[in-house]
Structures are given as C-alpha cells and as structure tokens.
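My request is simple: use the sequences and hints to build the entire structure.
Chains as they are written, first to last, in numbering that gives the first Met the number 0: chain B, 0 to 409; chain F, 0 to 409.
Don't take each hint at face value.
Each pair may be met inside one copy or between any two copies, as identical chains are not told apart.
Listed next, the in silico DSS-like pairs over lysine-lysine satisfying Cα-Cα at most 30 Å (straight line) [unchecked claim]:
# : residue 1 : residue 2
1 : Lys-406   : Lys-236
2 : Lys-105   : Lys-8
3 : Lys-406   : Lys-249
4 : Lys-8     : Lys-406
5 : Lys-105   : Lys-87
6 : Lys-105   : Lys-249
Think of the hints as simulated: they come from the structure by calculation, not from any bench.
Protein chains: 2
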Amino acid sequence: MYDLLSDLKIVEVSSFVASPTAGLYCAQMGADVVRIDHKAGGLDYDRYMMTREGRSLSWENLNRAKKSVALDLNSGEGRDLAAELVRKTGLLITNLPLGSFLPHDKLAEQCPELVSVRIMGWHDGRQAMDFTVNAASGYPLMTGPQEWDQDAAPPVNQVLPAWDFITGAYCAFALLAGLRHRDRTGRGLEMRVPLGDVAIGTMANAGAMAEMLYRGGDRERLGNAIWGAFGRDFLSKDGKRFMVAALTPKQWKATVAAFGLGTGVSALEAELGVDFAASDHHRFVNRQRLFDLFQQAAARLDYADLAARLAAAGATFERYRTMYEAARDPVLVTDNPLFGPSPANPSGFAYPATRSFANLPSQPAGDPQPAPYLGEHSEEVLAERLGLSSGEIARLIDRGIVATSDKDTK
Amino acid sequence: MYDLLSDLKIVEVSSFVASPTAGLYCAQMGADVVRIDHKAGGLDYDRYMMTREGRSLSWENLNRAKKSVALDLNSGEGRDLAAELVRKTGLLITNLPLGSFLPHDKLAEQCPELVSVRIMGWHDGRQAMDFTVNAASGYPLMTGPQEWDQDAAPPVNQVLPAWDFITGAYCAFALLAGLRHRDRTGRGLEMRVPLGDVAIGTMANAGAMAEMLYRGGDRERLGNAIWGAFGRDFLSKDGKRFMVAALTPKQWKATVAAFGLGTGVSALEAELGVDFAASDHHRFVNRQRLFDLFQQAAARLDYADLAARLAAAGATFERYRTMYEAARDPVLVTDNPLFGPSPANPSGFAYPATRSFANLPSQPAGDPQPAPYLGEHSEEVLAERLGLSSGEIARLIDRGIVATSDKDTK
Numbered sequence: 000m001y002d003l004l005s006d007l008k009i010v011e012v013s014s015f016v017a018s019p020t021a022g023l024y025c026a027q028m029g030a031d032v033v034r035i036d037h038k039a040g041g042l043d044y045d046r047y048m049m050t051r052e053g054r055s056l057s058w059e060n061l062n063r064a065k066k067s068v069a070l071d072l073n074s075g076e077g078r079d080l081a082a083e084l085v086r087k088t089g090l091l092i093t094n095l096p097l098g099s100f101l102p103h104d105k106l107a108e109q110c111p112e113l114v115s116v117r118i119m120g121w122h123d124g125r126q127a128m129d130f131t132v133n134a135a136s137g138y139p140l141m142t143g144p145q146e147w148d149q150d151a152a153p154p155v156n157q158v159l160p161a162w163d164f165i166t167g168a169y170c171a172f173a174l175l176a177g178l179r180h181r182d183r184t185g186r187g188l189e190m191r192v193p194l195g196d197v198a199i200g201t202m203a204n205a206g207a208m209a210e211m212l213y214r215g216g217d218r219e220r221l222g223n224a225i226w227g228a229f230g231r232d233f234l235s236k237d238g239k240r241f242m243v244a245a246l247t248p249k250q251w252k253a254t255v256a257a258f259g260l261g262t263g264v265s266a267l268e269a270e271l272g273v274d275f276a277a278s279d280h281h282r283f284v285n286r287q288r289l290f291d292l293f294q295q296a297a298a299r300l301d302y303a304d305l306a307a308r309l310a311a312a313g314a315t316f317e318r319y320r321t322m323y324e325a326a327r328d329p330v331l332v333t334d335n336p337l338f339g340p341s342p343a344n345p346s347g348f349a350y351p352a353t354r355s356f357a358n359l360p361s362q363p364a365g366d367p368q369p370a371p372y373l374g375e376h377s378e379e380v381l382a383e384r385l386g387l388s389s390g391e392i393a394r395l396i397d398r399g400i401v402a403t404s405d406k407d408t409k
Numbered sequence: 000m001y002d003l004l005s006d007l008k009i010v011e012v013s014s015f016v017a018s019p020t021a022g023l024y025c026a027q028m029g030a031d032v033v034r035i036d037h038k039a040g041g042l043d044y045d046r047y048m049m050t051r052e053g054r055s056l057s058w059e060n061l062n063r064a065k066k067s068v069a070l071d072l073n074s075g076e077g078r079d080l081a082a083e084l085v086r087k088t089g090l091l092i093t094n095l096p097l098g099s100f101l102p103h104d105k106l107a108e109q110c111p112e113l114v115s116v117r118i119m120g121w122h123d124g125r126q127a128m129d130f131t132v133n134a135a136s137g138y139p140l141m142t143g144p145q146e147w148d149q150d151a152a153p154p155v156n157q158v159l160p161a162w163d164f165i166t167g168a169y170c171a172f173a174l175l176a177g178l179r180h181r182d183r184t185g186r187g188l189e190m191r192v193p194l195g196d197v198a199i200g201t202m203a204n205a206g207a208m209a210e211m212l213y214r215g216g217d218r219e220r221l222g223n224a225i226w227g228a229f230g231r232d233f234l235s236k237d238g239k240r241f242m243v244a245a246l247t248p249k250q251w252k253a254t255v256a257a258f259g260l261g262t263g264v265s266a267l268e269a270e271l272g273v274d275f276a277a278s279d280h281h282r283f284v285n286r287q288r289l290f291d292l293f294q295q296a297a298a299r300l301d302y303a304d305l306a307a308r309l310a311a312a313g314a315t316f317e318r319y320r321t322m323y324e325a326a327r328d329p330v331l332v333t334d335n336p337l338f339g340p341s342p343a344n345p346s347g348f349a350y351p352a353t354r355s356f357a358n359l360p361s362q363p364a365g366d367p368q369p370a371p372y373l374g375e376h377s378e379e380v381l382a383e384r385l386g387l388s389s390g391e392i393a394r395l396i397d398r399g400i401v402a403t404s405d406k407d408t409k
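Structure follows, in structure tokens:
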C-alpha cells in the first residue's frame, strides 16, 4: 500500500460497485477509509459470487484495505452515529439517494468543511444502475457480430459494468479535487456524479455523439473491428483467436511484416490505388479486403508461430483468453507486480490480491490488505473518531445499535 | 467550468483516449491543461470520425477546455522546449513510452518536484491498447447471446473503450494523489499506470478473478442477464426492447407489481418452495422461469404502458436506444444540465458539449469550452511559462520549431 493519501480519513456509505470502487482506490493509496454499513450488511453484502460459507467474493475485493463499522441504520441512534462519524471525518463517498439520512446540506450545518461525493442514478433523480444506463447509451445496439442485421440486431449488454468502474475512478478524482478546493478556500462542498451522466457524457467525450449527429444516423455495424482504424480478431490455424490492432504507421508495418503479407498488401494497394501506411483512413475503408488477406495468412500458421512473429516485429496483439485462463495467467497475474500475496480474506479463500493500479518506482508497494469483516472496526473507530468510552460502546453493542465483527457468524 | 483545480497547471503529452481523458477531467475542473503535440498533430489528431473539412470529432471532444502547443517534436530543439515546459509546470500526464524523450528521472534531475503520471500498455513494457487488453481480460468470451455454445462462442469486443476511460479517470485521480503527497512532503514522484493492469486488476476487483478460481472454471454464459441478480432485456408488444434490473427487495416488488405478476410469481414461489423477495439468490437461480413469465407479460403491453407502470411502481428500467437516438434524446442530452451550448468547435460543427460529470449545487457550472486549434496557444504558453520574448518565439516559428494555430490550414 502506498502512502500518498495516508493523511486522509474518509467515510464511505456505499453499496454495489461504483461507490465502493472510489473508496477502494483511495484506500490502496493509503487513505483510512471507513465503510459504514447496516449491521446486517449493506445491499451488496451478499453479491455473487458467494462462497459455500456465505462470503461474497465481490464484496471482499471491492472493499480491500478499508475498515468496517456496522450500525443499526434502521434506528435513529445508529443513523446519528453515522452522521456524527461523517461530520467528524469531513470526507464522504456515498451512493445513498439524495433524500436519505445523510443529506449534504444537513451535515454541513455543523460541518461546513464537509466534502462529499454522491453517486446518483440519473441526474433527474430517477433510479439507474450500470445495465440500465448502458441500455440508454447506444452501445448495446452497436455490439455483436457484424453480420447481424442492423435494424433487427438485439442489444448485447457489456458483462463488465464499465459505467460503474469509470464512475468509481471519477469519484475518487472528484473527491481529491473537492479536497484541494477546501484546502485552498476552507470551504466544503457537495459533488453529485450521476451514473447516467457518466454514460451519456463518456459517449459524448468519445466523439460518438458528435459523430451520430454529424452523420444524421447510426454508425454501421462493425462487429469486432476497430472503428476508423485497422484491427479485428483473427483465427489461427490451430483455432486460437487473437486481436490485432494497428493504429500507427509503425504498428501497421510491423503487422504486415509479421503476417508475411508485404507482397499481398502491395498488390492490393496497387489495385486500389492507395497507400495503406499513410493513414488509418485507407486501412479502415478497405478493411474487409484487408481482413480477408490477413485471415488467410493467419489460417496458415499456428498461434505460437504467429505470436512469435508479431512480438518480434513489434506489433500490438493479444490472444483472447477465457476469464479462468486469465485468472491463472503467469504474465497477467502470477508474475505481475500488480498482484500481491493473498491476505487473510474474510472468505478464507486465498488468491492473488490487487495493489493500486498506479505503480511508483520510488516507493515500495507493500502487500495488499484484506477487506474487513463486517463491523470489525466498529469499536476502534467509535473510540478514535467519536471519543466514545469502552463503556459507552459496550452499551451501544448491548442495545444492538452497534455490531462487532461478523467473523464467527458465517 | 468549475474552479476546483484552477490553481493547477498541467502539461499533457498524449494520444488516443486514456491520456487525453485524464487531462480533460482536470481541465473541466478548472486546471490549465496544456497539450503539447507534434506540429503536424499527434497520432490521434486524425482519429475517426473526421468531418469533410478534415477535423476529428474524437479529438475535439477529448481535448475540450485545454490549450494547445505545437512543436517540431522530431527536432532536438522542439523536444527541449517540451521538456522545459514540463519542468516549468511540474505536473505531467503522458502516454509516451518509457524510453521516449520525456523520461521522468531525466526531467526530475532539474525538477525534483515533478509529479508525472505515465500510462503504459502492459506492466512489462509490451505495447497494448484497449482492444488488446480487453482480449486478455476474459470479458469478450463471456459476452453475447446466451444460446451460443460455451466452447465455440466467438469473442465479442466492447465497442466502448472501457479500459481507456477507466484508466483516464484513474490517472486524473492518481495525479491529484501524487500532488497531495508533494504538497505534504515537497517531493515529486513518477506514477506508472499500465492499461493492462487496469483491465486485469478491474476484473480482479470486481471479484471475477476470485470467482473463476473458486469455481475452478469459467462462468456459464448469461447473455444479457445480470450475474447473480434479477435483470435482463425484455421485448414489449410493440417491439421495443428494454432492460429491467431488480437487485433489492424494493426493486423486485416494484418490478413484479409493474408487470402485474403478483399472482404468477406467487404461484411460481409455491411451486419451487422459495421466497423471491428474500434474496437475489433465488431470483438468479430460477431466472429462466422468471424471465419467461416476465417476457409473456411484456409481450401483452406496449412499451409506453409498461414504462408508465414501471416508473409509477419505482422500478429500475431503461429502453434501449440506438446511439443516434441517444444523441438527440431530450432527457439524456438536450435538457440535461451535463450538456451546455456548443462552443466554437474547431470543426465548425455545433452540438451539445459536456461539462464535468460532477455537478456542484454550490457553484455555477459555466459553459463548456471548445478544444483548441492545434498550436493555438503556442505563443501564449511559451511566453508565459518559459518567459520567451516575442522575438524569440517569432524566430522559433520561422525555423519551424514552433507552429501556431492551424485554424486556417484545414
């Protein structure tokens, strides 16, 4: 764990993916992130995959390196404790709805320096989640095989909850931006980040909204091809599928050389009167002819040969892996410094654990930390942040307002 | 434009998507972001969609609110100017390869306070881009229709370059984290963020890596269904497709009520001996039976009726739109405060432009800013940041080391 944010204390009142991700990134940079949950676990506490003992592998990966405080959030007293923790901490990440028990304005009355980041569904307050904003974004109706009929093609959902993860990273950024503003001005502020805005806004930032408006219609189906460049999946003689991308002249030349297609490509250039090395444009417009050439060449070689040639030439390519393959891949996981040894996960199941995506040549990365048991840090945090005595905490526990570690209850 | 980062000056030496996105998010929060490019435009300057006049709609959306300095980066003198701008600025976002002309260690010799974020391909230095890291991540072989044969299913690439956008947001966060560390310690540092690590690390953070290792194999195909919960696309009587998601008891009850399926669901619960409201688990395990029920109900109503009922019940749902529809949608775009009036885009084409994804109730959002023309701010930035005189700048322009606005050259 790096120490870049080791001076920060953050409260996270979160569920599902985007909000916990924002806290995770901060925690992996050294921030002291306390996740507050209802004592029975938040809405995401049992998210699949569950182990046979009833531990969520999703939860324990999205909440690594955090502390857990468990309160009876159905009681006024539990909610008051949560609000007091937020006020005493001054930094909040949450995806609670605007109308819930932790409204920024109310908290800010007694804590004007509060910086909060609130993930919403749609900007207008309608509920949303990754899969529903994705439906609205236009991407699912552009995804899937090229040969599917443009007008009748069904939507294809992304398996990756991409909007959640973009939103999570963006909210970690927004929190630090708001904090920087507070450091400079002394003033807190609320920042609202609608998941739906991240989706439609990313579509716009990518240039796709402008593109559709400029066209006055939808883009043609591309299947697995890269829009506006040379790239697609190919199939080797031994049935391995791999992706090849050539977006620069250098990548293009390397790819042509690796496929042994110098002559074939030159012949096609002569026939069409174009210079493929000169720009993406010709490579994209004539992609079908090129794909046919490249697929014929791919079909003549086993993948190991192709990969060796592509690597030697300096091309950009990658073999498709199933996720189970990826999870055990030496280069991707086992020998990748992104991953560290398994910490003592709540599930008891041991597997490589991620560090921060950013690696710092100047700092030791340290070992990844485990997610907490639910309530594991209730006593510690209530004592340290709220100054409650052990007697006061014991009474809150007796009365069911505060819960302690659920280590032995599953 | 918000002013949260208005005290920051950043240099971006970028191409494609991830790196420009990191700069974009900072610029939309008020940072003074100078993008330095080769005078003929970087590798991404002609990325599709291109207008008839030769302006990239991709570039002009990913580089909003930035300044542009154009230098002859093939010359030693141009590279020295770029390096000097980085040193004088002290914050760098780049996706230049490690071995290129802006290595952190070299720059830091004269600028120990430099904080740089460098986006890489794979952690081991191999080239990569969104589509190739995606191939390795396992997601493409899990995407696509449920009925496809698990072993023979082709990969389905994401059209959204999700890894690029997650990486971009993460790098904006990492930059501010590094800056906070510098503010505290006085020391600069280099942060390397491999696109490949973001992909494989996100797969792990999502719990999917642990899941595959725990299963000892790959997940079954799910098509458009949500893993571990109730959710899928349905088709209305009038042929509209929409996504429905019910991850909480409240969402589930709302969805059942909206579909008018109280009786049907109760009958199925009695038959199976389960309580669907009690947990995701039963809804997921019995999803096919439920999907059949819900699809029969959907087929009896037009979408407008269904949508009204779903909204009234408080369910989470969304109609699939094509991207052209999404781009013109009043709720998503035209009436959405995320978007502001079209600034004077380099393309001359007018369309709604994004603001920051975060909206701040306490600050006016201001109007979105346009991307610069290439080289538009060369003279201004060289004068202000390097203190060059107008005579010195004029000579650099005459000698082709510095280029000015390309406004009239396309």
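Checked hints:
Proximity of Lys-406 and Lys-236 under a CA criterion of 30 Å is satisfied in neither setting, with 52 Å inside one chain copy and 50 Å between copies. Taking the closest pair of Cα atoms, Lys-105 and Lys-8 come within 30 Å of each other only inside a single copy of the chain (20 Å); across copies the shortest separation is 35 Å, beyond that limit. Within a single copy, Lys-406 and Lys-249 get their C-alpha atoms only as close as 55 Å, which misses the 30 Å cut-off; across copies the closest is 28 Å, which meets it. Within a single copy, Lys-8 and Lys-406 get their C-alpha atoms as close as 24 Å, which meets the 30 Å cut-off; across copies the closest is 48 Å, which misses it.
Within a single copy, Lys-105 and Lys-87 get their C-alpha atoms as close as 14 Å, which meets the 30 Å cut-off; across copies the closest is 43 Å, which misses it. In this assembly of identical chains, Lys-105 and Lys-249 lie within 30 Å of each other by CA distance solely across copies; the values are 26 Å between and 57 Å within a copy.
Consistency with the previously given hints fails for number 1 only.
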